[in-house]
Amino acid sequence: DAMVIQNPRYQVTQFGKPVTLSCSQTLNHNVMYWYQQKSSQAPKLLFHYYDKDFNNEADTPDNFQSRRPNTSFCFLDIRSPGLGDAAMYLCATSAAQGYGYTFGSGTRLTVV
Amino acid sequence: GNSVTQMEGPVTLSEEAFLTINCTYTATGYPSLFWYVQYPGEGLQLLLKATKADDKGSNKGFEATYRKETTSFHLEKGSVQVSDSAVYFCALSDNSSNTGKLIFGQGTTLQVKP
Numbered sequence: 001d002a003m004v005i006q007n008p009r010y011q012v013t014q015f016g017k018p019v020t021l022s023c024s025q026t027l028n029h030n031v032m033y034w035y036q037q038k039s040s041q042a043p044k045l046l047f048h049y050y051d052k053d054f055n056n057e058a059d060t061p062d063n064f065q066s067r068r069p070n071t072s073f074c075f076l077d078i079r080s081p082g083l084g085d086a087a088m089y090l091c092a093t094s095a096a097q098g099y100g101y102t103f104g105s106g107t108r109l110t111v112v
Numbered sequence: 001g002n003s004v005t006q007m008e009g010p011v012t013l014s015e016e017a018f019l020t021i022n023c024t025y026t027a028t029g030y031p032s033l034f035w036y037v038q039y040p041g042e043g044l045q046l047l048l049k050a051t052k053a054d055d056k057g058s059n060k061g062f063e064a065t066y067r068k069e070t071t072s073f074h075l076e077k078g079s080v081q082v083s084d085s086a087v088y089f090c091a092l093s094d095n096s097s098n099t100g101k102l103i104f105g106q107g108t109t110l111q112v113k114p
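Protein chains in written order, with my numbering: chain A, 1 to 112; chain B, 1 to 114.
Here chain A stands alone, though its shape is the one from the complex:
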């Protein structure tokens, strides 16, 4: 089945130690998104790629970076995780506007 896969499901990292979360898709969608969702809150868009074009949200901290080496893969890099970065990170893809997203199962990040 075509899908969006996030690895790992659970990630524990140390305060200040760089961490990378990965997302892959078999849908061949042009657009890939990264959202941050803190407990009991709505998902917050961090950035997205339209093909190779990177689009950062204005309020996304510089600590968060992303890479998309090809259509199938997208990575979220947190350069120096703080305790406040503990959250569920959701990857999603979309073929085009108005069609909605397909979400992965998320990676829950714990910072110790």
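Simulated from the structure, these hints should not be mistaken for lab results. Using N, Cα and C, we set each Cβ at its ideal position, and we do this for glycine too. Errors might be hidden in some of the hints.
Here are the computed distance ranges between Cβ atoms for each label pair [what the hints assert, rightly or not]: (1) A:8 / B:40: 43 to 49 Å; (2) A:15 / B:12: 36 to 42 Å; (3) A:58 / B:106: 16 to 22 Å; (4) A:82 / B:58: 27 to 33 Å; (5) B:55 / A:10: 36 to 42 Å; (6) A:84 / B:69: 39 to 45 Å; (7) B:55 / A:15: 46 to 52 Å; (8) A:15 / B:82: 36 to 42 Å.
Please build the complex by placing chain B on the supplied structure of chain A, with the hints as guidance.
Only chain B this time, still in chain A's reference frame:
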């Protein structure tokens, strides 16, 4: 700017009760509207959508109608089950850009008791 407002939860119902979760939106242009459901520890799943005024989205007994005159997209189900317990997010797609990024409401927790 575009925004989505949902009724606050948690909403607690008995099994087989009627469900309404209110959602209103503010948008320029003609957004597409969505309901997503999130079960504990999981990502979001698309429940239903509507892409133009007066469209009705439906899935698994849930329905929502795109009402442009009241800028609303309320979620309804005639008879809820315990398995419907989850967090429900209303969202709109910003169709002013070619990426159609989603803007979410704050989510409404539904608890269904046997």
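Task: Distance restraint evaluation - residue 15 of chain A, residue 12 of chain B, Cβ atoms, bounds 36 to 42 Å - done: 38 Å Cβ-Cβ, so the 36 to 42 Å window holds.
- [ ] Using the beta carbons of residue 55 of chain B and residue 15 of chain A, state whether their distance is inside 46 to 52 Å or not.
- [x] holds, 48 Å
- [ ] Kindly confirm whether 39 to 45 Å is satisfied by the beta carbon distance between residue 84 of chain A and residue 69 of chain B.
- [x] holds, 42 Å
Task: Range agreement (Cβ of residue 10 of chain A with Cβ of residue 55 of chain B, hint 36 to 42 Å) - done: About 39 Å separates the Cβ atoms of residue 55 of chain B and residue 10 of chain A, which means 36 to 42 Å holds.
Task: Distance restraint hint 36 to 42 Å, applied to the beta-carbon atoms of residue 15 of chain A and residue 82 of chain B - done: The hint (36 to 42 Å, Cβ to Cβ) holds, given that residue 15 of chain A and residue 82 of chain B are roughly 40 Å apart.
Open item on the list: For the hint 16 to 22 Å, verify it against the beta carbon of residue 58 of chain A and that of residue 106 of chain B.
Closed with: Given a distance of about 20 Å, which is inside 16 to 22 Å, the answer is holds.
- [ ] Take a look at whether the Cβ-Cβ distance between residue 8 of chain A and residue 40 of chain B falls inside 43 to 49 Å.
- [x] Distance hint for residue 8 of chain A, residue 40 of chain B is violated at roughly 18 Å.
- [ ] Given the hint of 27 to 33 Å, check if residue 82 of chain A and residue 58 of chain B actually sit that far apart at their C-beta atoms.
- [x] Given a distance of about 43 Å, which is not inside 27 to 33 Å, the answer is violated.
Hint compliance for this structure: hints 1, 4 are broken, all remaining hints hold.
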